[in-house]
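Trainee: As a plain string of letters, each chain reads:
Number of protein chains: 2
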Amino acid sequence: MRTLYHFWISPACRKVRLALSEKGLEFDLKIEKPWERRPGFLAINPAGEVPVLVEENENILADSQAICEYLEENYKDVSLLPQDKIARAETRRLIGWFDRKFFVEVTDNLVEEKIMKRLTKSGTPNTAAIRAGHHNIHYHLEYITYLVERRSWLAGDDFSLADIAAAAQLSSVDYLGDVPWEQHPAAKIWYARAKSRPSFRAILGDNLPGMPAPSHYADLDF
Amino acid sequence: MRTLYHFWISPACRKVRLALSEKGLEFDLKIEKPWERRPGFLAINPAGEVPVLVEENENILADSQAICEYLEENYKDVSLLPQDKIARAETRRLIGWFDRKFFVEVTDNLVEEKIMKRLTKSGTPNTAAIRAGHHNIHYHLEYITYLVERRSWLAGDDFSLADIAAAAQLSSVDYLGDVPWEQHPAAKIWYARAKSRPSFRAILGDNLPGMPAPSHYADLDF
Numbered sequence: 001m002r003t004l005y006h007f008w009i010s011p012a013c014r015k016v017r018l019a020l021s022e023k024g025l026e027f028d029l030k031i032e033k034p035w036e037r038r039p040g041f042l043a044i045n046p047a048g049e050v051p052v053l054v055e056e057n058e059n060i061l062a063d064s065q066a067i068c069e070y071l072e073e074n075y076k077d078v079s080l081l082p083q084d085k086i087a088r089a090e091t092r093r094l095i096g097w098f099d100r101k102f103f104v105e106v107t108d109n110l111v112e113e114k115i116m117k118r119l120t121k122s123g124t125p126n127t128a129a130i131r132a133g134h135h136n137i138h139y140h141l142e143y144i145t146y147l148v149e150r151r152s153w154l155a156g157d158d159f160s161l162a163d164i165a166a167a168a169q170l171s172s173v174d175y176l177g178d179v180p181w182e183q184h185p186a187a188k189i190w191y192a193r194a195k196s197r198p199s200f201r202a203i204l205g206d207n208l209p210g211m212p213a214p215s216h217y218a219d220l221d222f
Numbered sequence: 001m002r003t004l005y006h007f008w009i010s011p012a013c014r015k016v017r018l019a020l021s022e023k024g025l026e027f028d029l030k031i032e033k034p035w036e037r038r039p040g041f042l043a044i045n046p047a048g049e050v051p052v053l054v055e056e057n058e059n060i061l062a063d064s065q066a067i068c069e070y071l072e073e074n075y076k077d078v079s080l081l082p083q084d085k086i087a088r089a090e091t092r093r094l095i096g097w098f099d100r101k102f103f104v105e106v107t108d109n110l111v112e113e114k115i116m117k118r119l120t121k122s123g124t125p126n127t128a129a130i131r132a133g134h135h136n137i138h139y140h141l142e143y144i145t146y147l148v149e150r151r152s153w154l155a156g157d158d159f160s161l162a163d164i165a166a167a168a169q170l171s172s173v174d175y176l177g178d179v180p181w182e183q184h185p186a187a188k189i190w191y192a193r194a195k196s197r198p199s200f201r202a203i204l205g206d207n208l209p210g211m212p213a214p215s216h217y218a219d220l221d222f
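As they're listed, the protein sequences go chains A and B. full-length UniProt numbering numbers the first residue of the first sequence as 1 and each following residue consecutively. full-length UniProt numbering numbers the first residue of the second sequence as 1 and each following residue consecutively.
Think of the hints as simulated: they come from the structure by calculation, not from any bench.
Which copy is meant is left open, so a pair is good if it fits within one copy or across any two.
Under the rule of at most 16 angstroms between Cα atoms (straight-line distance), these lysine to aspartate or glutamate pairs were calculated in the EDC-like manner:
#1 85 - 55
#2 85 - 72
#3 85 - 73
#4 85 - 58
#5 23 - 77
#6 85 - 157
#7 30 - 56
Turn these sequences into a full structure, and let the hints steer you where they fit.
Mentor: Laid out in structure tokens, this is it:
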């Protein structure tokens with residue numbers, strides 16, 4: 001069976017889980033705690049990062065975008081990138097926006113400080129970083145609003161990897177209850193539509209012992 | 001004419017300049033100072049980041065990897081990704097490594113602190129960050145050594161976007177004279193081979209007034 005090494009709150013792992021599910025590909029999940037730097041895991045990914053996908057034929061793939069491009073090239077029944085070349089570039093621009101810009105400006109400031117530091121016992125949360133995360137998220141929700149006022153989904157007419165990349169980041173932050181949905185109703189409607197897809201079920205069922213999700217997290221009519 | 005909005009020391013811009021040159025595509029360079037947040041520039045890229053490529057037909061492309069994937073899909077005379085699917089995934093894994101991991105652990109700590117803070121007048125260099133950058137670069141040069149002891153180029157038999165992504169980051173740091181080449185001779189030989197390619201000429205000719213490059217920067221026999 002195909003195996004995904006992941007850590008539940010990691011947005012990069014959530015992105016790959018969503019992409020696999022959207023494509024109807026079955027996989028086992030194995031939890032990996034990258035901060036433990038387990039030798040067996042470093043042997044399959046020297047970057048020491050999740051996600052890592054091990055295919056049934058033992059091929060090993062790492063880096064969320066490398067994995068998603070591989071899935072796109074190999075499993076074509078369901079496309080998560082459009083066919084038109086300019087539309088593909090637009091989709092990848094937005095994937096980069098959420099994987100990199102949203103992650104650095106929002107997710108890393110909130111999830112890293114509030115959850116990962118506690119799990120890894122690596123110091124006390126940096127309140128300046130948390131403040132920055134809370135501040136920055138508005139700008140990103142406004143950008144999502146701008147996009148969905150002009151398009152059905154973030155990158156165009158169809159649900160794509162751009163929606164997956166964005167929803168993966170937001171779902172991690174939403175686990176903390178830190179997404180100010182009420183102030184951004186159009187972004188909330190987009191997220192509700194994404195979250196209603198069957199591919200989201202497993203992610204909405206995630207629950208860390210001792211750190212329960214807020215009640216709206218898994219609620220489709222939040 | 002095709003136009004690339006760039007800033008000379010940005011590794012993401014260098015990556016696209018190298019990819020365009022390797023593919024033999026002509027382009028004009030326009031310097032953009034992203035920190036000035038010029039309205040005309042924000043209108044073409046709301047992320048406010050370089051590089052941005054404007055094609056002759058006025059199509060606008062942003063995000064270095066989105067641009068490189070677009071170039072790969074549209075200009076096939078010279079391939080910068082291998083044909084085999086697993087080899088493509090391996091190449092993209094390494095692109096992610098250098099674009100993201102090397103950038104965060106090395107380039108951002110050194111180039112941001114030593115050059116960008118001076119240019120943007122945004123505070124004094126953070127000496128802890130600079131120390132971290134100097135420390136972390138050894139690990140990355142060791143990883144390059146590991147790769148080139150097993151392969152002709154970083155991702156396999158052929159020069160690829162992985163070499164471009166890595167050399168783009170290293171060339172930015174090398175402009176500061178901060179790459180400890182003498183301690184990593186195999187990585188140095190790989191970089192010398194990359195740097196001798198005609199695509200590197202323009203980058204090695206870069207010179208910022210008041211911040212001259214060290215003498216070995218443009219020297220092919222450094």
